[in-house]
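Novice: Chain residues, written in single-letter form:
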Amino acid sequence: MAVTPLTPPESSRCADAVYAGLQADDLGEFSELAATRLPPGFSPTGGLIQANTGPSRTSNFAVVLNRGSTGEKVVTIRGTEFTSKQDWLTNFNIGMIPGPTAFPVHAGFGFTYNSMKDKIRSGVNGTNVVHVCGHSLGGALATLCAADLQARGHTCYLYTYGAPRPAPTPFTAHLSYKLRGRIYRVHDRGDPVPMIPLFPFVHAPLFGSSYLVGPNRSSISADHHAMDKSYIASADKAGTWNAMRTAFDDSRLQFGPAYWLEKAGEATRIPGAGWGLWALGKAIEAIFKVIGIGVQALVGAPMTVLDMLAWALQRAVQIGSEISSWVMSWVRTAMRWMGRAVEVGETVTQSFLRYVLELFARAMATAARAALDALERRGRA
Amino acid sequence: MFRRILLLGLIPVAAVAFLVMEVPMASGKVVTLFSEINGTLVNGSGSPQSGIRIERWWRYGTEGDGESDMATTGQDGSFFFPAITQDSTWAGILPGTPSIKQRITAHGPNGDVKLWFAVKNSFDANSETGGAPANVICRIDQEPNADGPVFGTCRLAD
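Chains as they are written, first to last, in numbering that gives the first Met the number 0: chain A, 0 to 380; chain B, 0 to 157.
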């Protein structure tokens, strides 16, 4: 019998309902808490699936659902809980580890998925068709889950809402091929989460359409990341994937290095302009895209991420005059943004690039750490 | 090495925070943990149930025992709980999903009845009821179910 993908309302409500599981003591309580949120005909089965997001943090992350009497199952995975520092640290840990298909993936997502994969595998054992849903961090975990289950012989469908980038190109290219036509990635133009982490992490599907909601938004806001305000509302309004599909107008993000460097340069002339950091990040990403450095080579190198980036930038300097000027411009702008007056010549060493990157990382880490500490001090909210 | 990777990982998060900090609401926001409840407690024939103690409980996040308050139904079966709000520095800035567990229990003559049982995953007022004011009629003599805005015996009043 032909398999019908979950509709946008069904998949978005499954991705939303699993958040109730965080507060549930057992599956019976989850059934009550999620009863008004699950789409009709979908019922939880098995048990609540826990995951580790740190050495001292284990919490309910996923649930397996029966899709009516079809014999199909749905794995749905929750995202970052607002007050959980451990959930946030999962997002921050952007090193790489081998993923479920052996290709490197984001370390935080990989560790967390590894801590729950046995229970997920057990929960869908004997089922051919498995739909995997997730929002935010849950979308990244769902992506790893779909790759894992597909590799174990299931036929997987993947639905993500506002998910961050889960892995570099080799993982997502492999997954995109294996699940061709069965990946439904929904993102909101005003949602900041799908924009991170930066290169070399990329989304799946690597090629083909995603589903863009809020295409005319002019601002970025945490509200645009919310399931109820953005994704469920859009999914309900569209009803079908065909209606949901829009021309993927991503022109704003396809500007080249020169555009982003110009924006970053403007930001350095305005004290405290936070978007300068964003523009600097986009500039690096654009430079990498232009020079097309092999991500596999980067990933395979026995170096830290900072070393990898420094090595890649240094290679960019060697490749061509225009690219070299972009890199040098980025270095100057970044140093200026950090308030460091330094004379930069026409060429730089890898060690100097690494120094700049580390300064950049430390400046941002200090700000982010201050934000986290303030969050912890307040305890809640 | 882990620390270095962690530091680098903070960059995009800080970028996001800085990016949205340019929005005026970054100075702080009042968030709603439990929306205002205007309720009426009735039995199966619609008769108001007076003098019944109603307990409201909620827990923000997953740690701790939560908090609670009480009300007693009036002659017309009515009860009222004010909104539970809190100032938040980061709501609207950090793109995480809040989690507030909620329960309202009627301590009736024949035992406790679960009127309201939900997880609130939004900071918005009245998100429990799809944006509508939580004016509800709750049954004291019914098995809780999912026919209302949340699991329980409460239904939105017309």
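Since the hints were derived computationally from the structure, they do not count as laboratory data.
One should not assume that every hint holds.
[Claimed, not checked] Simulated crosslink set (SDA-like; lysine to any residue; CA at most 20 Å straight-line):
(1) K84/A <-> S121/B
(2) K84/A <-> E62/B
(3) K113/B <-> K28/B
(4) K118/A <-> K236/A
(5) K236/A <-> G129/B
(6) K84/A <-> N125/B
(7) K228/A <-> N125/B
(8) K228/A <-> L32/B
(9) K288/A <-> L205/A
(10) K113/B <-> R154/B
(11) K288/A <-> L197/A
(12) K84/A <-> T61/B
(13) K113/B <-> K118/A
(14) K236/A <-> G63/B
This structure is a prediction, so every number in the text was calculated from the model and none was measured.
Novice: Return the numbers of the hints above that this structure violates; sort them in rising order.
Specialist: Those not satisfied are hints 3, 4, 6, 13 and 14.
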